[in-house]
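Protein chains: 2
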Amino acid sequence: MNYPNGIIKQTSHNKITYDSNLSHKNRGMTLEYELNQSNEYYREIDKAYIYKKPTPIKIVKVDYPSRDKAVIKEAYFTVPSTTDYNGLYNGKYIDFEAKETQSKTSFTLANIHPHQIEHLKNIDKHSGIAFIIVRFTSLNETYLLTIQKLLNHLSNNDKKSISIDFFRKEGYLLKDGYRPRIDYLKIVDLLVGGL
Amino acid sequence: MNYPNGIIKQTSHNKITYDSNLSHKNRGMTLEYELNQSNEYYREIDKAYIYKKPTPIKIVKVDYPSRDKAVIKEAYFTVPSTTDYNGLYNGKYIDFEAKETQSKTSFTLANIHPHQIEHLKNIDKHSGIAFIIVRFTSLNETYLLTIQKLLNHLSNNDKKSISIDFFRKEGYLLKDGYRPRIDYLKIVDLLVGGL
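Chains A and B supply the protein sequences, listed in that same order.
End of the first sequence = 197 in the numbering used here, gap-free, step of one.
End of the second sequence = 197 in the numbering used here, gap-free, step of one.
Check before you lean on any hint, since a few could be wrong.
Each pair may be met inside one copy or between any two copies, as identical chains are not told apart.
With a cut-off of at most 25 angstroms between alpha-carbon atoms, the simulated PhoX-like pairs for lysine-lysine come out as follows [claimed, not checked]:
1) Lys75 with Lys123
2) Lys171 with Lys123
3) Lys162 with Lys151
4) Lys71 with Lys151
5) Lys188 with Lys161
6) Lys71 with Lys101
7) Lys101 with Lys63
8) Lys49 with Lys177
Just so you know, the hints here were simulated from the structure itself, not pulled from any lab data.
Use the sequences and the hints to build the structure in full.
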């Protein structure tokens with residue numbers, strides 16, 4: 003079947019946008035994928051129970067083509083109330099947000115919702131372990147930055163972005179491993195030990 | 003517009019099924035609604051940060067009618083990996099599942115996935131606070147039952163259901179309140195104190 007030009011373009015645009023935002027099938031290993039793998043490994047060895055939360059959506063329309071099958075036919079992405087990852091490690095509540103950036107120089111704070119920062123601040127205040135993990139994909143460098151360091155940055159510096167230098171100085175470099183791929187709990191051990 | 007009978011029936015069936023499973027707009031206060039309200043209140047008074055996780059779905063098709071707008075056009079409900087609620091209270095990791103039953107005599111365990119019970123068991127083992135909340139809607143009785151009690155039941159009794167008597171004897175009755183509507187953290191205080 004032949005469609006007019008406009009429709010083909012639209013479909014192709016949709017596909018690209020969908021792939022880059024939601025699906026990782028056709029890409030290299032993303033931070034999200036590696037964190038999910040690492041969390042799975044932590045569960046396998048009975049070390050920690052940390053999960054990525056499902057993507058929050060607002061469901062508008064559901065069809066039931068058969069009695070047991072529900073198909074969501076209309077839904078929308080909604081702003082997450084909290085962060086993407088949380089769970090339990092060694093009796094401690096763990097909570098973090100993970101983001102990738104293509105930039106080689108800085109991480110744009112618009113990537114994290116203000117209420118997510120507020121959430122991490124509350125977690126820290128109530129004796130949870132709260133941080134962000136940021137990957138600079140072009141540099142192949144991944145950092146864990148505690149919420150305290152992030153808040154320090156927000157109160158003293160540019161509120162729009164965090165430079166790679168700040169991450170290098172104040173964050174913890176997370177090196178690639180095999181299993182787990184990203185051993186961020188090693189840093190959590192350091193943080194808890196240092197409290 | 004007039005549709006043939008079959009189609010009208012189908013639509014009306016869909017609507018009812020959708021309402022009863024997903025939306026609470028046209029119903030009385032459900033356990034989920036009341037727990038969400040209670041958690042919101044706990045956050046307001048800076049007491050605890052406990053959230054319901056988004057419903058897990060598998061997204062198959064997304065349309066972009068305009069640049070900034072994404073509409074999910076095909077998605078399916080998936081089996082949750084964990085429980086519905088988790089968060090932080092007083093430095094403790096809290097994790098629970100909440101269910102309603104119409105039965106006046108027992109709660110059918112098929113309502114909770116085996117991997118959710120396994121998850122709660124792991125949480126308990128790693129010093130988190132793990133429980134289920136079950137409401138017998140016809141009796142207007144809501145109970146908190148710790149995972150330990152649930153596991154005891156599973157190893158000694160009928161594995162298919164838990165009688166209301168067991169909840170009355172081994173669980174904690176959660177009375178209706180105003181704010182919070184369900185003060186389940188009062189019971190968590192008891193549990194932590196009693197450990």
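Hint by hint, here is what the structure shows:
1. Lys75 with Lys123: This pair counts as neither: shortest intra-copy Cα distance 37 angstroms, inter-copy 36 angstroms.
2. Lys171 with Lys123: within (21 angstroms within a copy, 40 angstroms between copies)
3. Lys162 with Lys151: within (15 angstroms within a copy, 50 angstroms between copies)
4. Lys71 with Lys151: neither (48 angstroms within a copy, 34 angstroms between copies)
5. Lys188 with Lys161: neither (29 angstroms within a copy, 40 angstroms between copies)
6. Lys71 with Lys101: Answer is between: at 21 angstroms across copies they meet the 25 angstroms cutoff, but 34 angstroms inside does not.
7. Lys101 with Lys63: For Lys101 and Lys63, only the inter-copy Cα distance (24 angstroms) is at most 25 angstroms; the intra-copy one is 31 angstroms.
8. Lys49 with Lys177: Within. Shortest intra-copy distance 19 angstroms satisfies the 25 angstroms Cα cut-off; inter-copy 36 angstroms does not.
Taken one by one, the earlier hints fail for this structure at numbers 1, 4, 5, listed in ascending order.
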